[in-house]
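**Student:** Listed here are the chains, written in short residue letters.
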Amino acid sequence: MKILLIDDNKDITEMFSKYLKLNNHECHTSNDGRNGLNMIENQKYDVVLLDLAMPNFTGVDVIHALVEKNKIHNQKIIVFTASSKPNNEFDDLIKMGVHSCIAKPMDPDELISYLENLEVKNI
Amino acid sequence: MIEIAILVTAFYFGTQIIDTEKKDTVAKFSNRVTLLVKNTETRLDSAINLIEVTRNLPIVKNINYSSYISEEYKGIPDNFDLKKRTLAKQILKTYPEFEFITFHMPNGDFYMMEPYSDQLNITRLNFADRDWYKGVMATEDTYVSEVYNSTTLKRNVVAIRTPVFDDNDTLIGIWGGSLKLQFLRESIEDLILEKNSRVIFYDQYGKKILDTDTTNKSESFSHHFIDDALSGQKGTVLVNDLIVAYSPISVGPVNWGLIILQPQHDAFFSTLITEGLIIFMLIIFSAILGLAGYFIYKTTQKNVRLAKEIEQTSAHKDEFSAMISHELKTPLVPIIGYCKMLAKKDLIGNLNKEQLEAVEAITRNIKRLERLIVDILDARKLDLNKMKFVKEEFSLSVFLEKIESSYKNILGEKGIQFVINSSVQETSITADESRLRQVFDNLIGNAIKFVPKSNGKITIGARRENYVILFYVTDNGTGIPIEKQSELFHKFYQVDTTIKRNTQGSGLGLAICKGIIETMGGTIWVESDGKSGTTFYFQLSL
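Quick note, the sequences are listed as chains A and B, same order. Under our numbering, read the first sequence as residues 1 to 123, first letter to last. Under our numbering, read the second sequence as residues 1001 to 1542, first letter to last.
Note that these hints are calculated values from the structure, not bench results. Just so you know, nobody snuck in bad clues.
Calculated lysine-lysine pairs in the BS3-like style (CA-CA distance at most 27 Å, straight line):
hint, chain 1, residue 1, chain 2, residue 2
1, B, Lys1381, A, Lys95
2, B, Lys1388, A, Lys95
3, B, Lys1340, B, Lys1414
4, B, Lys1093, B, Lys1154
5, B, Lys1353, A, Lys18
6, A, Lys18, B, Lys1344
7, B, Lys1386, A, Lys95
8, B, Lys1345, A, Lys10
Covered stretches of chain A, as calculated for chain B (at least 3 residues, CB under 8 Å):
hint, region
9, 3-16
10, 106-113
Backbone N, C-alpha and C fix where the C-beta goes; we use that ideal spot for every residue, glycine too.
With these hints in hand, go ahead and build the complete structure from the sequences.
**Tutor:** Set out below in structure tokens:
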């Protein structure tokens, strides 16, 4: 699976990209929303893991830009959230075309099995 | 000599702390004004843009029906020029702050108004005497009027009108809309106003158009602030007992004025606390003096800072929750991830037994930290009434079975007997299932900590009593002393306050349970003889 991980925390992107690579997935990373958006536009990814709270250009900005350019459905967008329970904000994101929301801190094993499950079921 | 030197130093630092805090408060206050001005200007600009963009559409320029204008319809009847009406309806739908959309003839006669029912209600045909008409004619440009009371609607509105020219630059009409003053209230609502703040808007003529203080008391500040604001100046000043900030709001070609004021006592609340503390500190100095006094000074200074922080965080409750949630949880992600990587065999190398135990201990404690953060946030949400409840009907027996399957095996391994005792097989309840589950998880978690090491037993159950369901979680632990039971549901309360206590917890679990149950309209209580076993009961209406 070809995955793009966008999170401003370098430790997080490094850790997950190692973990995903060790589990035989291709993982690219970006520590900046705007740069991440460019990568999505220039390459085809199966899944984009997107942190919402980033400085300057947030995850929500990335989503808005993709909706505007009609590219939101080109890949599955999975957002990370630190909120303990999903609320209306996430309903809105889902309506805009985001695939799903995962609560931080996410367990890497669970995340990988979630991603692989997506691939198998193709949902 | 030394005593005097220390006193002088203490006084110097004391005044410095007060000064910095005052500056902070004044800066914060003037930021607030800037924010409100920007917010209002944006709302107005988008309304003006909408009118200016649409005036160039052929639908607006087409006025073939002007000969149908009549006194009876106060313009054209509603079945003519439908395209213009449809456009007007669309504008009203896109921008609900508009009260109505109109088109007037160059002489000020009504051509049409949308909604049509309002058009029928207007009292006359010609409006050439209006401020907006004169403004548009004089400037030949978009004009934002003074605030006026709409005769039809008996409500204060502000008119945005723009001239429409044909291809030969001849004036063929005036297109525009009127905004409800509600949009100003909405601008204010976007801000969190500080205690006893008052916000007043003035139009370009210095007429008060909105005042958050509805008691109509006279202004206790000088009128020249309004003049300054209208002439384009802004500032924040301390006068008498008030902190006053004023600023112009650019409304098309004119300025409106904005004034925010707050009693200094409220604005500098934290500073006043500081002043009190510093005086207290000085008294201590003169009493003790010497090295001990210095340490007390340091501690007091820290308390002053703490008091300030607490004051600030309570003013930004929502930001605090969001910040704490994100900032505290994010660092856990790489910690958990790397621990998993290290603990897994053959992934990035293998650890020896002791190293593995160390990593497992880190993981365990991270999980506890995560739980604690979630608890703190939940307690805060309950405090702020911000916790969301999703009510759905669900079967109680299925609910209890789910709990049984998550605990039975784990507790079995620990040698604790787990019993479900339910007589609600056929009953459904409408409640937030995940929050109810959270209450059970908390109570079962507590019970696990208190049951004896051998022969521990936890029983959970539910039974129907008239129109309520009574739930309970019982353990066969040492019980809770009767005198401590009343404080049990308080935040951060732990029965055993000694340092060497055997159990761990945030001290928030029961307070959260109480908050959740009470928000769902129920009650929760504890029964224990203080010697053997404890039962927590809670009931919810069906």
